Amino acid sequence: MSSENIIECQDLNKYYSGVHALKNLSLKIKKDTVVGLIGDNGAGKSTLIKILSGAHAPDSGHIYFEGNEVKFKSTKEAMNLGIETIYQYSALIPQMSIARNIFIGREQTTFSLGSIGLMKSKSMDKAAMEALNDVELHLRSPETPVNQLSGGERQGVVIARAMYFKSKVLILDEPTNHLSVKETNKVLRFVEGLKKQGVTSIFITHNLSHVYPIADHLCVMARGEKIADLAKVDTNIDELTDLLVNG
Amino acid sequence: MRPEISTFIMFVVIMTAFFIANDKFLSPRNIRIVMGITPEYIIVAIGIAILMISGEFDLSVGSVFALVPMTMVQLVHQGIPPWFAIALGLSIGIAVGFVNGFITIRFGIPSFIATLGMLYIARSLTTVATGGFPPPFPHSLPNELFVFQFEVFRASLFWMLGVAFIAGIMLHRSNLGNWIYSTGGDTPAASSMGIKTNNVKMFCFILCGFLAGFAGMIQTFRIEAPLPSQGYLLELESIAAAVIGGVSLFGGVGTIFGAAIGAILIRFLESGIIMARIDAEWFRAGLGSLIIISVVFNTWVVRRGENMVHKNQAEENEIDSKKNTQKSEGETNEQ
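As you go down the protein sequences, you meet chains A and B in turn. To get this note's numbering, take the position in the first sequence, counting from 1, and add 64. To get this note's numbering, take the position in the second sequence, counting from 1, and add 166.
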């Protein structure tokens, strides 16, 4: 097991009520890279993500994280190891402030009785601002409600949250869906920034042009199988488009 | 601007209007009368507000408001020591809250329905408990501790302030408050972040039941008569108070301060209409108008606030993009 692979999957299979959604999938993800996982709808991308994030268990196969075999029973277990998943519809509460959103369920507290305590608002506000600055997201105040942010900024907040809690692997599930071109670029810049900070990202999309500029490695899926796994230097947009369209 | 601020502005306007209509409206005597009864309603409104912020309703508070003190009185008549009867009575409130929460969560039905059923059940139990005739008030109950009349205020005001203080700290300063807001704001998002949303909701149901019972006890202690009709239609009035105070029907938005102001406003509206020598039957029309006007006003104020932010953002974005253009031009030149 080479230590330069942060995640390694071997022969993963998953059936959903008779449908073979994932077929003998093996995948190696190198540390500190951006991996683009592309494929049309129904290619098995979401299934793979659900398995990696701990939401579903594979029917067969092995997953190794930092060289050790893991079997996640919940997303919380994956999160505790440092695998955080960001979904299309970001897990943010619209009416709540940025700072409160970043710390949902992981609040900094004082005078605690059991798990309940007073929140250290000032320290959380400060930490939230720093977390946002770390992903180059410059917002005026950590007290701004999330519903006043643009779609790209919201994804930035989610990424900042994952960063703050020291995620090692960030799985981004279609993070640029429903975003304008400008907002998409913002999100791409956040993801590029992650690499510099030693975070591996898996970027799922059906839009090759979104992931191609920032990916180091590209993985194409179709009908539950991996049909190509290429370093960007060894391929080009035309070849990938052909794979994507013709499988 | 926050919605409860607009409620406060409305409060000042209405108080001023009634004061102009009759300058005795703000006399110590009238304030003493109104504030003598208001704390009970504020306590119920606080419970309802917290539950609504968590995204659920409780229509049974009016019935619990009657059932809890009725239980206490009847237990004392059965020879149970007063403090023990109080404890048992309050646990009835907690139990009703638990059942409301359990039915709502376990069977996945709207709390509106679960608690509507409980509204009838608890009211029926109250009437059954009277045995057909309202029992006399047992003076062994320590009612002075809760309702003693001071110069202007009653002891109940201080109990209410205590409840509001603790509830305010919990909702606005503690991490539990953060979980309540997130649960009501977006339940799936909150649970994906590891919040046990069902437990949070259950806690709010129980708190709401407890506070409704506690407030009902104060009212019975004040009038020294346990009436089976006590708190009739209080569930709607409490929701009205919360909504007037800026609590959202959809969860995730609201404050303790807003709910309290809403409850106070309703009581002063009632008094003001009487003081202005308007037929008291107009109170409900006034309350109805107040609900509609305040929610329209709150919504308008919030939208205006959002528009201003969006406008600022748009301007900033423009400046940003200009900067970027200049930058990229500069880069091109360098190349």
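Derived from the structure by calculation, the hints contain no laboratory data. Every value quoted in this text rests on a predicted model; they were computed, and no experiment measured them. Treat the hints loosely; a few may be bogus.
[Unchecked claim] Below, a list of computed lysine-lysine pairs in the DSS-like style, where the Cα atoms sit at most 27 Å apart:
1) LYS114/A x LYS362/B
2) LYS135/A x LYS362/B
3) LYS186/A x LYS190/B
4) LYS362/B x LYS140/A
[What the hints assert, rightly or not] Simulated DEER-style distance windows between Cβ atoms:
5) GLU207/A x THR465/B: 33 to 43 Å
6) ARG272/B x ASP306/A: 33 to 43 Å
7) SER176/A x PRO300/B: 27 to 37 Å
8) ASN77/A x GLY274/B: 29 to 39 Å
9) SER138/A x TRP249/B: 41 to 51 Å
10) THR182/B x ARG253/A: 12 to 22 Å
11) SER214/A x ILE332/B: 51 to 61 Å
Glycine included, each C-beta is placed from N, C-alpha and C at the ideal position.
### Query
LYS135/A and LYS362/B: Cα distance at most 27 Å?
Holds: LYS135/A and LYS362/B sit about 23 Å apart, inside 27 Å.
### Assessment of proposed distance window 29 to 39 Å (beta carbons of ASN77/A, GLY274/B)
holds, 33 Å
### Task
Determine whether the Cβ-Cβ distance between SER214/A and ILE332/B falls within the hinted range of 51 to 61 Å.
At 38 Å between Cβs, range violated.
### Query
Given the proposed pairing of LYS114/A with LYS362/B, does the C-alpha separation stay at or below 27 Å?
Measuring from Cα to Cα gives roughly 21 Å; hence the hint holds.
### Query
Are the Cα atoms of LYS362/B and LYS140/A separated by 27 Å or less?
At roughly 12 Å apart (the allowed maximum being 27 Å), LYS140/A and LYS362/B satisfy the hint.
### Query
Does the hinted range 33 to 43 Å hold for GLU207/A and THR465/B at CB?
Violated - the Cβ-Cβ distance for GLU207/A and THR465/B, about 21 Å, lies outside 33 to 43 Å.
### Assessment of proposed distance window 12 to 22 Å (beta carbons of THR182/B, ARG253/A)
violated, 54 Å
#### Entry: Outcome of range test on Cβ distance (ARG272/B, ASP306/A; 33 to 43 Å)
violated, 53 Å
### Query
For the pair supplied as a hint, LYS186/A and LYS190/B, is the alpha-carbon distance within the 27 Å limit?
Violated, at roughly 46 Å.
### Query
Between SER176/A and PRO300/B, does the beta-carbon spacing fit 27 to 37 Å?
violated, 47 Å
### Cβ separation of SER138/A and TRP249/B, checked against the hinted range 41 to 51 Å
With Cβ atoms ~45 Å apart, the hint holds.
Hints 3, 5, 6, 7, 10 and 11 from the earlier list are contradicted by this structure; the remaining hints agree with it.
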